[in-house]
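Asks: We have chain A; now place chain B onto it with these hints.
As you go down the protein sequences, you meet chains A and B in turn. Take the first sequence: its position 399, counting from 1, is numbered 399 in the numbering used here, and each next residue is one higher. Take the second sequence: its position 333, counting from 1, is numbered 333 in the numbering used here, and each next residue is one higher.
These are computed hints drawn from the structure, not numbers from a lab. Errors might be hidden in some of the hints.
The list treats identical chains as one, so a pair stands whether inside a single copy or across any two.
Stated by the list, open to error - With a cut-off of at most 16 Å between alpha-carbon atoms, the simulated EDC-like pairs for lysine to aspartate or glutamate come out as follows:
#1 Lys-191 / Asp-227
#2 Lys-282 / Glu-374
#3 Lys-200 / Glu-272
#4 Lys-62 / Asp-78
#5 Lys-200 / Asp-133
#6 Lys-87 / Asp-285
#7 Lys-87 / Asp-60
#8 Lys-204 / Glu-394
#9 Lys-191 / Glu-149
#10 Lys-204 / Glu-118
#11 Lys-87 / Asp-57
#12 Lys-62 / Glu-118
#13 Lys-191 / Glu-272
#14 Lys-416 / Glu-118
#15 Lys-62 / Glu-209
#16 Lys-62 / Glu-374
#17 Lys-204 / Asp-371
#18 Lys-224 / Glu-71
#19 Lys-87 / Glu-374
#20 Lys-200 / Asp-50
#21 Lys-204 / Glu-278
#22 Lys-191 / Asp-57
Given next are the chains, with one letter for each unit.
Protein chains: 2
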Amino acid sequence: MSDKTTQKDSVNLSRRSLLTKGAAAGGALVAGAVSARAASPDPLITEIQDWNRYLGDGVDAKPYGVPSQFESNVVRRDVAWLTADPKSSVNFTPLHELDGIITPNGLCFERHHGGIAEINPADHRLMINGLVDTPLVFTLEDLKRFPRENRVYFLECAANSGMEWRGAQLNGCQFTHGMVHNVMYTGVPLKHILNEAGVKPEGKWILPEGADAAAMTRSIPLEKAMDDCMIAFKMNGEALRPEQGYPVRLVVPGWEGNMWIKWLRRIEIGDEPWHQREETSKYTDLLADGTARRFTWEMDVKSVITNPSPQAPITHGRGATVLTGLAWSGFGKIARVDVSIDGGRNWETARIDGPSLSKSVHRFYYDFDWDGSELFLQSRAIDEMGNVQPTKNELRAARGVNSIYHNNSIQTWQIKPDGSAENVEIS
Amino acid sequence: MSDKTTQKDSVNLSRRSLLTKGAAAGGALVAGAVSARAASPDPLITEIQDWNRYLGDGVDAKPYGVPSQFESNVVRRDVAWLTADPKSSVNFTPLHELDGIITPNGLCFERHHGGIAEINPADHRLMINGLVDTPLVFTLEDLKRFPRENRVYFLECAANSGMEWRGAQLNGCQFTHGMVHNVMYTGVPLKHILNEAGVKPEGKWILPEGADAAAMTRSIPLEKAMDDCMIAFKMNGEALRPEQGYPVRLVVPGWEGNMWIKWLRRIEIGDEPWHQREETSKYTDLLADGTARRFTWEMDVKSVITNPSPQAPITHGRGATVLTGLAWSGFGKIARVDVSIDGGRNWETARIDGPSLSKSVHRFYYDFDWDGSELFLQSRAIDEMGNVQPTKNELRAARGVNSIYHNNSIQTWQIKPDGSAENVEIS
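Excised from the complex, chain A in its bound form (with noise of 0.2 Å):
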């Protein structure tokens, strides 16, 4: 995924524009300074580079590893005036602080209705009933003797960036996009399951319900269920963390987070939609008339660009800077993905790096010189299906601004020419 234009900024990083930052960034990146260091030993090596002055930890420090003590800003981060209590509140992934397109397990953002459910994986049951031939009873063992697959697919909560229908609010695109992560399951089929339970011809619905405390659920229709969807039980390699459903999950393939029930203990199968609380009185967007669209299922095609932004400002100065994002789409692909540094007046292609997966995130780079002027960055994903992502302003004209879920609308940072950033809007 490359245009023309993407393949020379890729290329052309002159000698010279790399010199140029290297002495606004300080000087670290200059010719000669090699054999300058040879006359005058840099203190910087004598004095403060000490690490290869004595051993470090062994292999037996930390079993389980965890990241560097100097990385300790890489963290979720909560609002905590958005709810009454962590307990039924949310975290964000920290995008700003990552690349490729693999959401670390200790990174990926939390949305708990009751809290997380500590389950002891030998004492959980799932349980198949409802209008099917044999109710069921699986242990976690069961469940790993069915054929099993890997898919890597993002889970976006509907909420995400929702508190930008109303005007830029959020100062980050950790708080304005991080409701988002991505990573690579393990698991079953869910139509293996329901087909040893054995589908009646009326059975048209099927209920997912979450064994915390909250008792999740939503109500899927059967067609979804029987194509994508997944029983899962590892998440990048690994067992699923607590905060994700441990011990197992269920996978709704570009559809709303909501609806990836947690700690799942039972499905029931049935013959309507069963109007739970969380697609009625939740999870419902609320128009400009009053009426309410309901079953808004699918993520719809969405991007942000993740570094320069508020959080993560440009602090080289002026010359070759990378700019990069994410992108996704509930309908399959990211086709392209284009870029402005000027407000949407001209926009680039960029060029997308890394698997290019279905209902996966793509990541994305425009490498380009900054000139030290103020800009206003934007990035627009389009996907296999056609589908293009819409200004704020073409949003709010098809939908109002009442509703708190599925704003997929660009994004606007603006940069300026001390390289800092900012959430703004432009018209």
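Replies: For chain B alone, coordinates are given in the frame of chain A:
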């Protein structure tokens, strides 16, 4: 990737075979259990499964998440007798506990020669010197201004499976094959950095050097350096872990792990190899005639069954069984994996599931009904270049048994009627 036999096994998990296994495993998977429960409440649900009766931890509990307390056995393990001190030792990835193709960062095996350098990234520098037009010194921020790429690669220690040369030694794939991991790297193609300095026409080799106490160095041909080598600063989305070279390591796709210099601080360009300790005294392959193979960089095509295996026996009794494992090759993608349950007399093609990427591990499955008899499990990988994984005796006939490096031979696990597994050799 599947053949007719596998397809049949995948879809023909008959109700009968599952009900049989359910009974054998303790009766959890039994038709009618639901109605029985309605009449007489199951004590498991009413007394033991109490996690839905109280609110769990909220989102502020762990800003950087950790695994469930019930997964405390999923850790890297060393073998204390292997080396004099853990600072120059190795620990092993728990392959038998993982699935999919991504190794979580906290579980990637470690190998150090002088312990883990704990580097402050603000003070770290990368120098390019030797046969270049302009010697250069880069800060981490400088490196992040070059165009980036994202690639999933396996890293395997040349000594992986090294103790198996003289016969079955270690009882578990974590120890026989656990010096391999597979992550998505984000970084800068090395060619961009070398081109920035300008390699002189007589420059034919590079010598990357680590900033740890061991100052690890290896000679690498310039052709490989300019092909697919990367300077990586992220793994699986986040910063490299300290034990994996934080803040920057060299990525040398498909080649032995010892060359992937961690804590990378310098790259010298020269006109011939340096013949350092790690490519003369160590990491050479002593043959039967007393001569040694040198510069054996590529990791040969290889596979191992991770489940069932000695650390992960069959506990569910006969019936539907998922056999799974990993295959990889330093020469590209895996084209096919064959599985034998009778010690190599008959072979079936396994099902590869998940992304098939060059120089990355591939996950394979073989779904079969176990009849409870003794089995001798083997897997045999074939890569896209046509390389075929050899038997142990084929490899010994070619190379003798003096080496500890580059053992890519077929591994055998004996499955006993009670489901336990053992590392064995069959002639």
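Asks: Going through the numbered hints above, which ones does this structure break? Give me the numbers in ascending order.
Replies: Violated hints (numbers, rising): 2, 6, 8, 10, 13, 14, 15, 16, 17, 18, 19, 20, 21 and 22; every other hint is consistent with the structure.
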